[in-house]
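A.B. asks: Those protein sequence lines, which keep their order, are chains R and V. Residue 201 in our numbering sits at position 169 of the first sequence; the count goes up by one each step and never skips. Residue 44 in our numbering sits at position 39 of the second sequence; the count goes up by one each step and never skips.
Hints are computed from structural coordinates only; laboratory data are not their basis. Watch out, some of these pointers could steer you wrong.
[Stated by the list, open to error] A few chain R residues facing chain V, derived, Cβ under 8 Å:
1) G438
2) S595
3) L596
4) N627
5) A649
6) V688
7) V720
8) V737
9) D774
10) L787
The beta-carbon is built from N, C-alpha and C at its ideal position, and this holds for glycine as well.
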Amino acid sequence: MTLLWIALLPLLGVLVPVLAGRRSRLTCSLATAIAPAVALGLTLGLVPALGANEPMRFFAEWLPELGLALAFRLDGLSLLFNLLILGIGLLILLYAHFYLSKEEPVGRFYAFLMLFMASMVGISLSNNLLLLWLFWELTSLSSFLLIGFWSHRNDARKGARMALTVTGAGGLALLAGLLLLGNIVGSFDMDTVLASGALIVEDSRYPVMLTLVLLGAFTKSAQFPFQFWLPNAMAAPTPVSAYLHSATMVKAGIFLMARLHPALADSALWHLIVPLVGTITLLYGAWFAFFKTDLKAILAYSTISHLGLITVLLGIGSPMAVLAALFHIINHAAFKAALFMTAGIIDHEAGTRELKQLGALRKTMPVTALLLTLAAAAMAGVPLLNGFLSKEMFFTETLESPLLGGLSWLLPVLATVGGILSVAYSVRLVVAVCHRPAREASPKTPHEPPYLMRLPVEVLVAVCLLVGIFPAFMATGLLELATQAVLQAPLDFHLAIWHGFNLPLLMSAIAFVVGAALYWRHSDLRRFTDSFAPVDAPRLFERALVSLGQRCEQLLALWDGQSLQRYMGWLLLATLIAGVMGLTQIETLTGSRGNQPVDGIVLFGAVMLIFGGLATAITHRYRLTSLLMLSVVGLFVALTFARFSAPDLALTQLSVEVVTMILLMLALFFLPQKTPPESSGKRNLRDVFLAGGVGLVVASLNYAVMTRETLSISQFFMENSIPGGGGHNVVNVILVDFRGFDTLGEITVLALAGLAIFKLLNRLRLFIPHSDSEGRVWSPDRYPAILTSISLALLPLALLVSAFIFLRGHNEPGGGFIAGLITAVALILLYMARGVEWAQSRLDFPFQPVAVVGVAVATLTGLGSWLFGHPFLTSAFGYFSLPVVGKFELATALLFDLGVYLAVVGATLMILANLGKVTTAHRPVVDAPKDEPHAPAPNKETL
Amino acid sequence: METLYAVTTGVLSACGLYLTLRGRTFSVVVGLTLLSYAVNLFLFSMGGLTTDGAAVIHDDGHGAYADPLPQALVLTAIVIGFAMTAFVVILAMRARSELGNDQVDGKKEDRE
Chain R
33 MTLLWIALLP LLGVLVPVLA GRRSRLTCSL ATAIAPAVAL GLTLGLVPAL GANEPMRFFA
93 EWLPELGLAL AFRLDGLSLL FNLLILGIGL LILLYAHFYL SKEEPVGRFY AFLMLFMASM
153 VGISLSNNLL LLWLFWELTS LSSFLLIGFW SHRNDARKGA RMALTVTGAG GLALLAGLLL
213 LGNIVGSFDM DTVLASGALI VEDSRYPVML TLVLLGAFTK SAQFPFQFWL PNAMAAPTPV
273 SAYLHSATMV KAGIFLMARL HPALADSALW HLIVPLVGTI TLLYGAWFAF FKTDLKAILA
333 YSTISHLGLI TVLLGIGSPM AVLAALFHII NHAAFKAALF MTAGIIDHEA GTRELKQLGA
393 LRKTMPVTAL LLTLAAAAMA GVPLLNGFLS KEMFFTETLE SPLLGGLSWL LPVLATVGGI
453 LSVAYSVRLV VAVCHRPARE ASPKTPHEPP YLMRLPVEVL VAVCLLVGIF PAFMATGLLE
513 LATQAVLQAP LDFHLAIWHG FNLPLLMSAI AFVVGAALYW RHSDLRRFTD SFAPVDAPRL
573 FERALVSLGQ RCEQLLALWD GQSLQRYMGW LLLATLIAGV MGLTQIETLT GSRGNQPVDG
633 IVLFGAVMLI FGGLATAITH RYRLTSLLML SVVGLFVALT FARFSAPDLA LTQLSVEVVT
693 MILLMLALFF LPQKTPPESS GKRNLRDVFL AGGVGLVVAS LNYAVMTRET LSISQFFMEN
753 SIPGGGGHNV VNVILVDFRG FDTLGEITVL ALAGLAIFKL LNRLRLFIPH SDSEGRVWSP
813 DRYPAILTSI SLALLPLALL VSAFIFLRGH NEPGGGFIAG LITAVALILL YMARGVEWAQ
873 SRLDFPFQPV AVVGVAVATL TGLGSWLFGH PFLTSAFGYF SLPVVGKFEL ATALLFDLGV
933 YLAVVGATLM ILANLGKVTT AHRPVVDAPK DEPHAPAPNK ETL
Chain V
6 METLYAVTTG VLSACGLYLT LRGRTFSVVV GLTLLSYAVN LFLFSMGGLT TDGAAVIHDD
66 GHGAYADPLP QALVLTAIVI GFAMTAFVVI LAMRARSELG NDQVDGKKED RE
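Put together the whole structure using the sequences plus the hints.
C.D. replies: As structure tokens, then:
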């Protein structure tokens, strides 16, 4: 259970800075630190119990169908990473408190940081492959947010995007790899996977799986050839660089390789790929670190190089190499985080990170300069500092590794070259920043930072020193646990500073001497490298992305004419073919039921519908006429519903018809009144045949279905409507009870459409014609007197009718949909008769909340049934009697219908009233800038 | 009667589809509205055509009721159809305001 809390606490901690963000920065920082501090305390509390062979576990099912479980484990490896993540995380919080300027939204920053911390803790504790991947993706996302924190900066946005693209693509590869791995083993459970090493390596899918998993690890840990995202991620605020891009996130790939070491590492393929990639990365990073002039860039390339070093060790894979890898993870995290924070301090106090503008900080910032020197010495591997120990171990392992067979001497040579470069760039860093005088003036006069800002650096440098001087005392316990977790067997080792005069010591000595010499000849080397054209990674990356996009577009353009008309044409042709093929399958068109006799009224209705439809199509160039013809169709559709026993539909269609016509008329006002003739005769003929063909198919299909006996599930609804839903009107009971979930979805869509329209109307610039299409000026009689006076008298009546229709809906034709539409139409009438100004002053409330409240009421009614132990949207009803009123029925469905009613009213008014207001001072404006009231508001009213 | 009903649905669909093939946004919106009438009529008829049989249960034991399920489906379809028509027409207005023309593809010189 404690494990669950350790994993959950940082996640809960995300909320703290969000809530405390408005308080003072001190409160916010302190409150944010609570969750990681408690989690760290809990972790430390578990250490004594961890001595035994078995890791601690927590298990709870999450999605057993997918093999995903909420499973955590704490073993030595997780412990090591957890201590790094939480410990350094706390130091980073302290540092960021001083680093961010006063105006910056510190709450948001901390929230991102905590999200990252939570996902890292999740990775290190996961005991399920899929869960691990989930947290893995979360680190990519939170890293994206953190790199892009200064989103006003172009390089920050580009860097964030690049990091997300690379690590996100790697994450997908990893997912594929983990799925394969789970498939090979037959389980996503980490314990099972770790115990099945032999089975995995022998499987034929192993090479593919290993490649995919390593792609994930290499992209995350910035291994060659994916290293380019890391230097560009340095656009992030320095606390982020120190935390994510040196101490923790980039080590997630390393962690993965260490975690899956028992399962994957015992193969020739692993021993080939991993050390090879690691060596290239080690040399590549070290070489470029030597020539960069930006403090953070030097550190970034040096990080790449050190990550390569750890990868080489994991690739060698012998027990002592694993030990060295784990040891170097700790050491690198300590000195590199310290170096990054120092770089941030210098940037903060001197205003620059360019080497040529920095210099002689020994005099202006003595303490910081000392800290920088010590941390850089650790990086170079100077004795009595922690970096020396793990580097000696690295040299020893390269000497002993038989991986390259006859070429085995190559590995120690390359390692020495890496060591030389590492010394060279460390010396350059220290000399250029602390000793040599600046070549250009820095923007600010450097001075020491606030004491507490320096404290995290001091803590980390102290760790470097203590581990370097007392390695056995400081690190043995943790490393014993961690190596045991990776190797799954205890390892007997002894950490010591002095191993006598041996080959590794000689390699170190060579590294120091040649490294110093290299620095001495830096300017010559510089001239040599300058003769090559520099590789601009961001530009290349952007160009690759753009050209990829263009290729895709070209590919699409091959078969995509980018024309809606053409799409529609193909769609209809396909429908026609499918429909004709379907119809040829049935033997006779007329089914067993046959035709009912036609009466005069039906004939008249059909003629009017056909006339209206044809007239709409034929007059479509004269848009107003076409619209009038469309309304004829709409009215006769309503009558058709009434004729064929669907009173609810008739009422709905009638009221929708009214609002649709108002809407289309209003829209037509802003659109051209006429369509110029533009389609050729040939094209018209083609369209007529296409549309007519589909029409024939529709008619045949419709006839075929209507004349056949149907199998309907409606009998159930008819029988249960009264006993189950308490209503006589089966259509309404279906809407609010049996299929209430559908209705809930549909009013949500309605409300969303209303909101989307509100947003679309925001700051819409329209062309307002002053005359109609014939050139006649609009009538000056804006509000006809008769309409004005009738509308007022009509309003209470209309509201009464809508209340009546609403209340009787459960038992007689009516209900929330229809009542809502009637109310909306009554209110719209006011706008039309009196104008926006008049109506606005009396209906002065926004309509969005009405729609939202409607959806909320309906949802809450549904949720309410949970309180009584029933499934979502179970309705209840009962009969009550009151004096005077008599016996009546109350059903929760009525409450649901009230939600429907409100949603319909809100959405309809949102659409129509806002459209009407577009040209007035009340037009929808979502985020009004301050100068808005002064802007000359067009006050031509349209309603 | 079924023949007449089917012919009507067919004609309405054909007219609606013809309009959706036009090149101006307003015609397309009108066409979609017309098409949705046709589709609603089509769906409604899936339960058969019943005269004088509204699906309101009376205690006196009425004879044949109309199928209520297609009715319930069509009722919400009508309302949603309105919301979609509104959305499309506002989109058309926005497109005209941003692009300066009311071609469905947003291109001015697109005459075929």
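A.B. asks: Hint by hint, say whether it matches the structure.
C.D. replies: Verification of the hints:
1. G438: Hint on R:G438: violated, closest Cβ of chain V at ~68 Å, above 8 Å.
2. S595: holds, 5 Å
3. L596: Nearest chain V Cβ about 4 Å off; hint holds.
4. N627: holds, 5 Å
5. A649: holds, 4 Å
6. V688: holds, 5 Å
7. V720: The hint holds - R:V720 has a Cβ within 8 Å of chain V, the shortest such distance being about 6 Å.
8. V737: holds, 6 Å
9. D774: OK, holds: R:D774 within 8 Å of chain V, min 7 Å.
10. L787: violated, 10 Å
Of the numbered hints given earlier, the model fails hints 1 and 10; all others are met.
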